[in-house]
Amino acid sequence: MSTNSEVANIKPPAIDVGVLGWVRSHLFNGTLNSIATIFLLLVGVKFIPQFIQWAFIDSVWFTSGQECHEAKGACWSVVTQNIRFNVFGYYPYEHQWRPLVAMIILISMLVYSRDWKKWNRRLGYLWLFALFIMGLLMKGGLFGLVSVESTKWSGLPLTLLLSFFGILASYPLGVALALGRQSTMPVIKAFSVVYIELIRGVPLITMLFMSSVMFPLFLPEGVTIDKVLRAQVAIIIFTAAYVAEVVRGGLQAMEKGQAEAAESLGLNYFQKMRLVILPQALKIVIPPTVGILISAFKDTSLVVIIALYDILNTTKSILNVPEWTGFSTEAYIFVALIYFFFCFSMSRYSRHVEAELEYTTENK
Amino acid sequence: MVTTNENPAAKTRFWNDEKTRGIIYQVVTAALVAFIGYYLISNVQDNMAKQSIASGFGFLEKEAAFEIGEKSIEYSAADSYGRALVVGVINTLKVSLIGILLTTILGTIIGVCTLSSNWLISKLGTIYVEVFQNIPVLLQLFFFYALFYEAFPGPRQALNPISGVFISNRGIDFAIPAQHLAWSYMVNAFLAASVITFFMVRWARKRQERTGQQFPSFWLGLGLLAGLPLLTWVVCGAPTELDIPALKGFNFQGGKNISPEFSALLFGLVLYTASFIAQIVRAGIQSISHGQTEAAMSIGLKTKHVLSLVIFPQALRVIIPPLTSQLLNLTKNSSLAVAIGYPDFVQVAGTTINQTGQAVEGVALMMVVYLTLSLLTSVFMNWYNKKIAIIER
Chain L
1 MSTNSEVANI
11 KPPAIDVGVL
21 GWVRSHLFNG
31 TLNSIATIFL
41 LLVGVKFIPQ
51 FIQWAFIDSV
61 WFTSGQECHE
71 AKGACWSVVT
81 QNIRFNVFGY
91 YPYEHQWRPL
101 VAMIILISML
111 VYSRDWKKWN
121 RRLGYLWLFA
131 LFIMGLLMKG
141 GLFGLVSVES
151 TKWSGLPLTL
161 LLSFFGILAS
171 YPLGVALALG
181 RQSTMPVIKA
191 FSVVYIELIR
201 GVPLITMLFM
211 SSVMFPLFLP
221 EGVTIDKVLR
231 AQVAIIIFTA
241 AYVAEVVRGG
251 LQAMEKGQAE
261 AAESLGLNYF
271 QKMRLVILPQ
281 ALKIVIPPTV
291 GILISAFKDT
301 SLVVIIALYD
311 ILNTTKSILN
321 VPEWTGFSTE
331 AYIFVALIYF
341 FFCFSMSRYS
351 RHVEAELEYT
361 TENK
Chain W
1 MVTTNENPAA
11 KTRFWNDEKT
21 RGIIYQVVTA
31 ALVAFIGYYL
41 ISNVQDNMAK
51 QSIASGFGFL
61 EKEAAFEIGE
71 KSIEYSAADS
81 YGRALVVGVI
91 NTLKVSLIGI
101 LLTTILGTII
111 GVCTLSSNWL
121 ISKLGTIYVE
131 VFQNIPVLLQ
141 LFFFYALFYE
151 AFPGPRQALN
161 PISGVFISNR
171 GIDFAIPAQH
181 LAWSYMVNAF
191 LAASVITFFM
201 VRWARKRQER
211 TGQQFPSFWL
221 GLGLLAGLPL
231 LTWVVCGAPT
241 ELDIPALKGF
251 NFQGGKNISP
261 EFSALLFGLV
271 LYTASFIAQI
281 VRAGIQSISH
291 GQTEAAMSIG
301 LKTKHVLSLV
311 IFPQALRVII
321 PPLTSQLLNL
331 TKNSSLAVAI
341 GYPDFVQVAG
351 TTINQTGQAV
361 EGVALMMVVY
371 LTLSLLTSVF
381 MNWYNKKIAI
391 IER
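Same order as they appear, the protein sequences are chains L and W. The first sequence begins at 1 in this note's numbering and counts up by one. The second sequence begins at 1 in this note's numbering and counts up by one.
Bound-form chain L, shown alone (with noise of 0.2 Å):
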């Protein structure tokens, strides 16, 4: 007894334990990895001191351009100066808390539903208004609310409207396309199959230029709609297929039970499509369906290529300003920090999604 007290009582030794025991079995594990981290914190030290002192100390906030131009670091005047046009574009100056607040609806909106297990009808029509005051609020001419032109439509706003519209509007487009996919009647197999390789072997771009360029060929004489609307259209039909071969996966992830328990019911295709099969295919999908709103989150960026001001394109507009040339690191860095909160929170919300799926699944 005594001598098993004893052995109790001997502590770990100081370095295997504690901060100590971390930093050796974390940092110093091995010749070659103590030799990358000295390496590294060599690098860090050297670098690390240079980018606060340009980013922070010696960094103006405030001023003019021309202020910047005499300053020895970061010139963050260029984001502070020029945040209503950067953020809202051409939109009328005195109307910029419309698009303001259709942005803070949309974004409680979607924080609001983001636990899958609350969407019901309520939350639905829920939406159908939510949609309904930000078309107005960014429209305008009800409610003496003055209109405004979709062309003015632009920075932050029409970046959000592009993404989220053109996975909304994609989305019974793809699942339809998906179905088609899995059909066994040829001809609709045959038109599935072409649409989606042929729109997934080509790059946004494509589509935006046949947008541009297109379209307007395609239309009687006499018709035109506006550019922001083709692009949509463009995005959507992109998206679409993308959307299609994620469904397809929840599709093909369903046991064969499942629709031969709901033939036997006497259930037909669509009742057996829309009361069985899709909600349970549709939610598997949901984490990769983020990963496709991130992206398309991020291909909006590409409407710069036809003249769209989208956020990135008003950044490269106030560049373009003689005061301001020259500042394009730090501008790009307040784009970038945008794009990746939004494409950070959202890539998050689909881990913690998977994993609370795979928690469920496993728990049956």
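Simulated from the structure, these hints should not be mistaken for laboratory data. C-beta atoms are modelled at their ideal positions from N, C-alpha and C, and glycine is treated no differently. Be aware that a few hints might be false.
[Unchecked claim] Quick look at which bits of chain L chain W covers, simulated, 3 or more residues with Cβ under 8 Å:
no., region
1, 181–194
2, 217–224
3, 337–348
Use these hints to put chain W onto chain L, whose structure you have.
Here is chain W on its own, set in the frame of chain L:
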């Protein structure tokens, strides 16, 4: 009894029959698509006739009348649109191939880094993946392009990190060996060495499968690939003369120049795609259960053989399919070149559309070129995937 029991199929109305209904659905869909197609095409023809735009691919023969900044084959403004488009395709291929090679290497390194037992390295790897994945590639291209123009000095004050290499806002200029017959002979020697190595490796593998005897084909192959060109160089008199870029007027003359557009495009594409490949590589390695490592060690394999013979071949099967789609993405994303002025295929085609007004033909050409590239890549990767797939009984 027999007379009253009618055929049950006769009872169902024909529109309730699943087969007939299927045919009706398909006919309706086909008719709808055909009608929409016809309507659009007739609109296009009307509009083009009204704006007096020519149709057909006759414009490919006409004089292009625009210059292209970067070209790998002879081209001038007097050449035809067709030739201009070929220059664009070659530029697209150039940036895609180099990008695919570099991004695969970088992505693999970072993917392995995120699994490192060194906390600092694995955290840096994860941060890299998160940052580069969540910022649009176009923004990264703009950033690197602006960096070239704003952070680097003009040619007169060009940075000179290693002798013979100059970095300025006109791109990267570096010395290349001066024209000499030996260099072309060395290329031939290298090709010959590659062929010999290929057959040697095949023979060595066959022999090992048959007899179990190993052959040092890796070191011998490496020796051949390096040695044969070196031998040729010595035999040809070991020329060491270099073509060093020199400042003439406002720009460098001589040597080889990599333009800022090309560098920014390559940088952006490689860094962006590598972040996705790193994740794929990490997932692939993690998918191999630890039992495989233990089993391989318990039959007495060395660590490097555990990796090269057991872990890596299995991880590769998980890695290849998503890797293919990422490499295809890189090829497609190279079309963003148009935004920073690198003359890739989309840019040349865009200029062509602007000058001729033949949007339909231009966009069709773009689609055909990218579809062909996608198809070729997936055919190759599918072949490779089949080659490394598990051979089941």
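Now the hints, each set against the structure:
| no. | hint | result |
| --- | --- | --- |
| 1 | 181–194 | holds (count 6) |
| 2 | 217–224 | holds (count 5) |
| 3 | 337–348 | holds (count 5) |
Consistency with the previously given hints is maintained throughout, with no hint failing.
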